[in-house]
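Please dock the two separately framed chains into a single complex, following the hints provided.
Quick note, the sequences are listed as chains B and R, same order.
Under this note's numbering, the first residue of the first sequence carries the number 1, and numbering increases by one thereafter.
Under this note's numbering, the first residue of the second sequence carries the number 1, and numbering increases by one thereafter.
Any given hint could be a false lead.
[Said to hold, decoys possible] Straight line, CA to CA, 35 Å or less: simulated DSBU-like cross-link-like pairs of lysine-lysine:
1. Lys38/B x Lys200/R
2. Lys308/B x Lys187/R
3. Lys308/B x Lys82/R
4. Lys245/B x Lys82/B
5. Lys251/B x Lys374/B
6. Lys308/B x Lys141/R
7. Lys38/B x Lys111/R
8. Lys187/R x Lys187/B
9. Lys250/R x Lys172/B
10. Lys86/R x Lys12/R
11. Lys69/R x Lys187/B
12. Lys187/R x Lys131/B
13. Lys308/B x Lys25/R
Simulated from the structure, these hints should not be mistaken for lab results.
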Amino acid sequence: MANPNTTQYSILNTQYSILNTQYSILNTQNMNYNVNEKGYYGEFGGAYIPEMLYPNVEELRQNYLKVMAEESFQKEFHELLKDYVGRPTPLYFAKRLSEKYNTKIYLKREDLCHTGAHKVNNTIGQILMAKRLGKTRIIAETGAGQHGVATATVCALMGLECIVFMGDVDIKRQAPNVARMKMLGAKVVPATSGSKTLKDATNEAIRDWINNPVDTHYIIGSVVGPHPYPDMVARFQSVVSEEIKLQLNEKEGRENPDFVVACVGGGSNAAGAFYHYLETLEVGIIAVEAAGKGVDSGESAATSALGKVGIIHGSKTLLMQTADGQITEPHSISAGLDYPGVGPMHANLFASGRGEFISITDDEAMEAGLELCKLEGIIPAIESSHALAIFENRKFKKDDVIVVNLSGRGDKDLDTYIKYFNL
Amino acid sequence: MNRIKQKLSENKKLLSIYFTAGYPKLDDTVEILQQLEKSGVDMVEIGLPFSDPLADGPTIQASSQEALKNGMTTDLLFQQLKDVRKIVSIPLIIMGYFNPMLQFGVENFCKKCAEVSIDGLILPDLPLAEYEEHYAEIFKKHGLLNIFLITPQTSEERIRQIDNTSEGFIYMVSSASVTGSSDGFGKEQESYFERIASMKLNSPLIVGFGISDSKSFQQATKHTNGAIIGSAFIKMLSEKGFAGISSFIKSIR
Ligand SMILES: Cc1ncc(COP(=O)(O)O)c(C=O)c1O
Numbered sequence: 001m002a003n004p005n006t007t008q009y010s011i012l013n014t015q016y017s018i019l020n021t022q023y024s025i026l027n028t029q030n031m032n033y034n035v036n037e038k039g040y041y042g043e044f045g046g047a048y049i050p051e052m053l054y055p056n057v058e059e060l061r062q063n064y065l066k067v068m069a070e071e072s073f074q075k076e077f078h079e080l081l082k083d084y085v086g087r088p089t090p091l092y093f094a095k096r097l098s099e100k101y102n103t104k105i106y107l108k109r110e111d112l113c114h115t116g117a118h119k120v121n122n123t124i125g126q127i128l129m130a131k132r133l134g135k136t137r138i139i140a141e142t143g144a145g146q147h148g149v150a151t152a153t154v155c156a157l158m159g160l161e162c163i164v165f166m167g168d169v170d171i172k173r174q175a176p177n178v179a180r181m182k183m184l185g186a187k188v189v190p191a192t193s194g195s196k197t198l199k200d201a202t203n204e205a206i207r208d209w210i211n212n213p214v215d216t217h218y219i220i221g222s223v224v225g226p227h228p229y230p231d232m233v234a235r236f237q238s239v240v241s242e243e244i245k246l247q248l249n250e251k252e253g254r255e256n257p258d259f260v261v262a263c264v265g266g267g268s269n270a271a272g273a274f275y276h277y278l279e280t281l282e283v284g285i286i287a288v289e290a291a292g293k294g295v296d297s298g299e300s301a302a303t304s305a306l307g308k309v310g311i312i313h314g315s316k317t318l319l320m321q322t323a324d325g326q327i328t329e330p331h332s333i334s335a336g337l338d339y340p341g342v343g344p345m346h347a348n349l350f351a352s353g354r355g356e357f358i359s360i361t362d363d364e365a366m367e368a369g370l371e372l373c374k375l376e377g378i379i380p381a382i383e384s385s386h387a388l389a390i391f392e393n394r395k396f397k398k399d400d401v402i403v404v405n406l407s408g409r410g411d412k413d414l415d416t417y418i419k420y421f422n423l
Numbered sequence: 001m002n003r004i005k006q007k008l009s010e011n012k013k014l015l016s017i018y019f020t021a022g023y024p025k026l027d028d029t030v031e032i033l034q035q036l037e038k039s040g041v042d043m044v045e046i047g048l049p050f051s052d053p054l055a056d057g058p059t060i061q062a063s064s065q066e067a068l069k070n071g072m073t074t075d076l077l078f079q080q081l082k083d084v085r086k087i088v089s090i091p092l093i094i095m096g097y098f099n100p101m102l103q104f105g106v107e108n109f110c111k112k113c114a115e116v117s118i119d120g121l122i123l124p125d126l127p128l129a130e131y132e133e134h135y136a137e138i139f140k141k142h143g144l145l146n147i148f149l150i151t152p153q154t155s156e157e158r159i160r161q162i163d164n165t166s167e168g169f170i171y172m173v174s175s176a177s178v179t180g181s182s183d184g185f186g187k188e189q190e191s192y193f194e195r196i197a198s199m200k201l202n203s204p205l206i207v208g209f210g211i212s213d214s215k216s217f218q219q220a221t222k223h224t225n226g227a228i229i230g231s232a233f234i235k236m237l238s239e240k241g242f243a244g245i246s247s248f249i250k251s252i253r
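Next up, chain R with everything else stripped away, as it sits in the complex (with noise of 0.2 Å):
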């Protein structure tokens, strides 16, 4: 069974990273992996950095080109994650835009994320319609989850649209905005929250964008099955390292 969704049969509220690949030092992937494996994380996105990522804030663009600038690439990632199977059980999920994918060869990056166990992508970028026209067969010969998102804005027919071809989560956009933003939740999510849940997908509903603390992950998983923290991990590791990774986590929850 895929790890996405054994972890996701758990019936857990699932705390779930983000992080850039190849940042704040080109080879601190697996060193990092290892250490939210260890503090207690259910999940890890892997951020492949992107020249231009459109959906992210300061954070992630800022981390991203550093990753960039110290010499991150697809390749190289792979490298990286080549005998991580033998330090880390948690599902591992590569997060990236189309580009970088398209280049590499969409065949030759599935076939890849098999050889080191991914689980699962998430590339905002890669429409609906274009996944399921030309590049679901491949994914699924790989063993390979895709994990599309919606927003406060996707309509109801679109949700379960999106419901019926999701395997392992829908990644639930907190609001109306880029990565990074935290002014917390309110009544708008709120109701947001209450509205998806309410429509009893098929899919476990998993929360990402803006979740910078314990309330927010409250907030985001008192009616989902987890929350994804992305730019507020990243900022406590641009400030305290490795050394912050475990505080961080436990006091989220």
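So that you can see chain B by itself, here it is in the shape it has in the complex (with noise of 0.2 Å):
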């Protein structure tokens, strides 16, 4: 039996395994799947930017690591994740799911943190950044509204402005987090530009930072855009993976499972899930992306199937286009992975074998949404439920032990559910 005490000892812990043990988030020896100094993970990566925006990224570039290694950066974070996101969310071990497909999965329960999802991990550690850097006007991009919810809560806690971009048919498709950024204070801009999906959120928040170079921080919600964000939105993600070391440790006296498993949009929960195994190769690390209505379908966000290598978002890494480098629209049920692009640490992990990378298409991710709710009597995002579809078809041995980055809850999705099931 596991001391209750530990838990809260080892959440202590992390305020200081951040700056001193080989988990460090400021590590930097050894990486062959971490980035590089120069803002690369293999050949993706990089900061390809209007140079309007150079100003913005290299201030931050300059400053991040400096800024994350303070003493009261580290305090304050770690505060903030414990008292007010509630971590650390509990490493689950899901008996009745393990039964059905005969093996060991545990579930991490990101879908326990505050508003909902893991996306709230990276928004604490991009508030106070931009509080230190001097910032009083935030801007962020969202497809689901998850991301914005996240913002727009940091910004009421801190008191700060906050601008939250979003395509004009996801306004209409997830009205309620619509409703939920304004009670939060938040304006919600409408993108009504391309397609008027994340995408175009996307390149409206940008427009709006190139606009407001000054007194404005953006705070992306995935591992994706212009280094140093992949790298920093990892950093404030990897305490998903420092939690499950420690508590697999308890657990099951060992701190590597055979498997992590995590769904990929951005890569934000994929990151911060993967972040302190990327190295550790017995640990295998399964990325699910959305097939959408099927792979071949030409309704899909598949990007590691369906991309090739290009530029989206400041970043060099693997997207959807077409043969003259237009950047094509994706098709998932699930808002989360509606994204033509995938963070360049994913597209490296894709790239060197690393990684093993599935498609989940949308019936496939419904069913298995349906089956968590039956089974452990817990409520996925539409999203996660995409890394739990794959015990349907990717075999396990009996005493393989998985862990499943469970990244949302699915609240936010009911309208969908019943519209899906005819609830």
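Here it is in structure tokens:
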């Protein structure tokens, strides 16, 4: 039986582990799969930004590691994660799910974070960063609205002005999250350009940042965008795998599972779950993408399968595009996975073969989501349901220990569940 | 001698026009170029449309989207420009985002540019460091000048660095803004133009973004070598078509 106090101590430990242990977020040694000093993961990453953004991004690049290393930053970050977000989130052994698939499945319960998803780990980190950089105005993009809500939340917490860009189409699809953002005091600005979804909301946020270069910080919602964003967001999310190590040790007497599984939109929850395992090759990394109506259906968001190397939102990575280099519109039933690119860390995990990439259709994800409700009493976000759906086809050994990052809860998706299952 | 350098040596305030290839109609490119030259324009930026133009405001976003809908592609642009040098002799620059060029192949893109006598490229999202490390050789081999941007926020140190790498001119973005804002220029821009001019850079300065009429053209070129008009020209083109080109250009200077 694990001593309940151990968990207490492990939270405190995280304050220092970030600086002192082998898992340090400041560690840059021996990194084959993490970012290098030029901002690249293998051939992916970099900062392909117009000169107008150079001062902002450069300011961040020069300061982010320094600021994160400050003791006062560490203290504030971890206190907020603990007292406000509710960390550590449980690592829950899913007994009935494990029985069904004849293997050992643990769920990392990011769905229990305040605001309902892992997104808030990043927004807490970035709002503290913004404050230390003297910024007074916060902008963000959002697709499903989860990142928008997480940003609006931390802005309310810190009393900063908040503007969230959201595709016009998504505003109509995700009305409850739009209302949440407004209640939290954010201004929601419709993105009416292009296809009026997440990629266009991101374009609008970038344009706003060009127009407001001095007082504004852009809180990107995933491990995408120009360097240092992918690295900074990954470090803020790395608390997920930091906790998994400690918690798995308590439960199984080992820090390393056989596999870590996470869904990938831009890839922030996956980056967090993989982070401290990237260089531990005996831990299998499984990234789950949205196949939409099928990888070859023309309505998919399976970037690793369909993408080619290119530039999107300031990063060289894999993205879905025409032969002529025009970025194409993805499809997924889950708005959070409906992105035509993928973070450069994941592009490199794919290209190098370090990660196993699986794509899951809308239908498979919906069934897996409902199954988790029935077997474990947990209603998952449809994004997370993609990760859960791999067990139907991907077989594991009976004594394999698998950690699935349950990135969010399904409240925001009730409408979609209701329509899909005629509830 | 490269046509851009030649033109810059003429010692006059240059008027340059940006338009989106494939807009309003797919095959308008050469006709627009011809009309612009006839109207006395000194240089042209031909916009290669991109699905996600990060640095552009609503007007150029819309013209780009429309051009893509019309069927504009990189390949087609080079086809359209195949014989352009038989009728147009002013400097021609292709302005676009880096991804379409990357998909076409940077070497292949530059080679095609040389074949149709393009003089330079403006690629806002190809950073200085990447250019120098990976692409400068290729550009030079094909006689293409790469034009860099600076903004009111660019540090003096970086401006010097850009100046040392620049060969044609430096594209001075008028204000912290995407393209197409037309609030006119105030004290802030005035002192920015003066500040940069007083740096005595090697490269000539051409101002772009937010220039829409004779007044803003005068203000932008008081301390610099010229100015570029984009969104205002495209708006005019949407409203009046080819027939409006000549009087629009005359109204500027
Ligand atoms: C619950 C949940 N999971 C996953 C994602 C996908 O983002 P990422 O791949 O950055 O984790 C989202 C995005 O909105 C989300 O809300």
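The hints, checked one at a time:
1. For the hint pairing Lys38/B with Lys200/R, the CA-to-CA distance comes to about 32 Å; that is within 35 Å, so the pair holds.
2. A C-alpha spacing of about 46 Å is found between Lys308/B and Lys187/R, which places the hinted pair above 35 Å, so the restraint is violated.
3. Taking the CA atoms of Lys308/B and Lys82/R, the gap is about 29 Å. The hint holds against a cut of 35 Å.
4. Note on Lys245/B and Lys82/B: the hinted pairing holds, with a Cα-Cα distance of about 17 Å set against a maximum of 35 Å.
5. Taking the CA atoms of Lys251/B and Lys374/B, the gap is about 25 Å. The hint holds against a cut of 35 Å.
6. In summary, the hint linking Lys308/B to Lys141/R is supported, as the alpha carbons are separated by about 27 Å, within the 35 Å threshold.
7. Under the criterion of a C-alpha separation no larger than 35 Å, the hint pairing Lys38/B with Lys111/R is consistent with the structure, at around 29 Å.
8. Between Lys187/R and Lys187/B, the direct Cα distance comes to roughly 31 Å. Compliance with the 35 Å bound is thereby established for this hinted pair.
9. About 46 Å separates the Cα atoms of Lys250/R and Lys172/B, which puts this hinted pair outside 35 Å; it is violated.
10. The hinted pair formed by Lys86/R and Lys12/R meets the criterion: a straight-line CA distance of about 25 Å does not exceed 35 Å.
11. Distance hint between Lys69/R and Lys187/B is fulfilled; the C-alpha atoms sit about 32 Å from each other, no more than 35 Å.
12. Among the hinted pairs, Lys187/R with Lys131/B is consistent with the structure: their alpha-carbon atoms are about 30 Å apart, no more than 35 Å.
13. Taken as a hint, the Lys308/B and Lys25/R pair is honoured in the structure, with Cα atoms around 30 Å apart against an allowance of 35 Å.
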